[in-house]
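S.K.: Letter by letter, the chains look like this.
2 protein chains.
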Amino acid sequence: MNIRIILNEPQYDGNIGSVARVLKNFDCHDLVLVNPCSIGSMAETMAQHAWDIVEHATICDSLHDAFFDSNLVIGTTGTRGETAGRHVRIPAYPPKRLREKLNGREGTVSIVFGREDDGLSNRELVMCDLLVSIPTSEEYPIMNLSHAVAVILYELSDLKTGDLLLADRRDLDMLYEHIETVLCNLNYPVHKRQKTLLMLRRIFGRAELTTREVYTLRGVLRLIEYHNRPDF
Amino acid sequence: MNIRIILNEPQYDGNIGSVARVLKNFDCHDLVLVNPCSIGSMAETMAQHAWDIVEHATICDSLHDAFFDSNLVIGTTGTRGETAGRHVRIPAYPPKRLREKLNGREGTVSIVFGREDDGLSNRELVMCDLLVSIPTSEEYPIMNLSHAVAVILYELSDLKTGDLLLADRRDLDMLYEHIETVLCNLNYPVHKRQKTLLMLRRIFGRAELTTREVYTLRGVLRLIEYHNRPDF
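Those protein sequence lines, which keep their order, are chains A and B. Take the working numbering: the final residue in the first sequence is number 1480, and no numbers are missing along the way. Take the working numbering: the final residue in the second sequence is number 1480, and no numbers are missing along the way.
Check each hint, because a few of them may be wrong.
Identical copies look the same in the list; a pair holds intra-copy or inter-copy alike.
[Claimed, not checked] Straight-line C-alpha distance at most 30 Å; calculated BS3-like pairs for lysine-lysine:
hint : residue 1 : residue 2
1    : 1349      : 1408
2    : 1349      : 1443
3    : 1344      : 1408
4    : 1440      : 1408
5    : 1344      : 1440
6    : 1408      : 1443
7    : 1344      : 1443
These aren't lab readings, by the way, just hints derived from the structure by calculation. Just so we're clear, the structure is a prediction, and the values are computed from it rather than from any experiment.
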């Protein structure tokens, strides 16, 4: 399994260097930076012997470009669902649970980390298949960016590779568009539609669908569409 | 269980601040600094909302003073026994194994982190009951100090407290002195003595002895001494 670390709009170049060092410590070489701050000497100081990771990082100007070719997109959040009480943040898995879920899978898994000051926005979290949150103190829950990357990569290091190929992003996107179309055609209440779509996305995200499963689900959707056609 | 983080001769105050933040993130408040560098504004910047942890840290001028009142002393090493091929570094547990060992125990566990440039010396590692090493890349194994603390505290967070009270340091020290005396009296070969003592220390360290077990062991030692007395 290839793990990609995506930093979304990192604000301090020291953190970019620190994160690069963590990547190299855990044999991970796939770093993507979305609209990063300018990268200067502090990044180099913190990267130590991992400056090559920074030099070879991919730079994107949209989060979607950063993960479009990955099989699973995982968002990180310091604000847990229980406290935030927001649909979009539920459920967030602890890293140990994520490890169990990814063991034996194959594909590219992107893990997205938000800005240092306020993390990923709800709009960005909606783009993720599932969420992970490191269990931290209620008194001071917010970890430094590179510390959070260290904990996640530590937990996911040494995963067993399996033969269960995760569905690719394009198939998943088409599945979600298909579901939306079907809900529209079924006159699913407009005010509930986005919430339900997100919930379905989370459910399928947690289930880490394989390509074959996506095809089967789309077959079911086509059958629903067939029975729901105007002339039926 | 109380977890104490001991930084032995940290060289960069930014790292001290970063480590303090990690401690607070994981509800750990017991930080001890042995002969630290001078602590300035970089520490404050990196500590963020955990500056109180730095302010309340205990400062010692010897490693022994830092852990003398703890029940178990764990040394951290980036150089694994396999590669270093040195008796003193064997065996080093991965953090997950340490977690299993500490679950359900009660007492103060000190975890010692060495200098940023060359870690703990062999002399310092000998003072530890057991060793832990984070599995990292062979290409670039050395983690930043605060990243290593983050991984260890993450792994040990949320441990179940039990009623198995670990033996205290004084009892353990007396046990090890007692063993040394017995080996002397038995004319155990001088050139092997220190190695064997260290090996016994590692074995008992891994076993996390309770107070009762230490007393029983010392009873056995007394019996050996009795049978080995000159007039027997």
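S.K.: Mind listing which of the numbered hints don't hold for this structure, in increasing order?
M.R.: Of the numbered hints, 4, 5, 6 do not hold.
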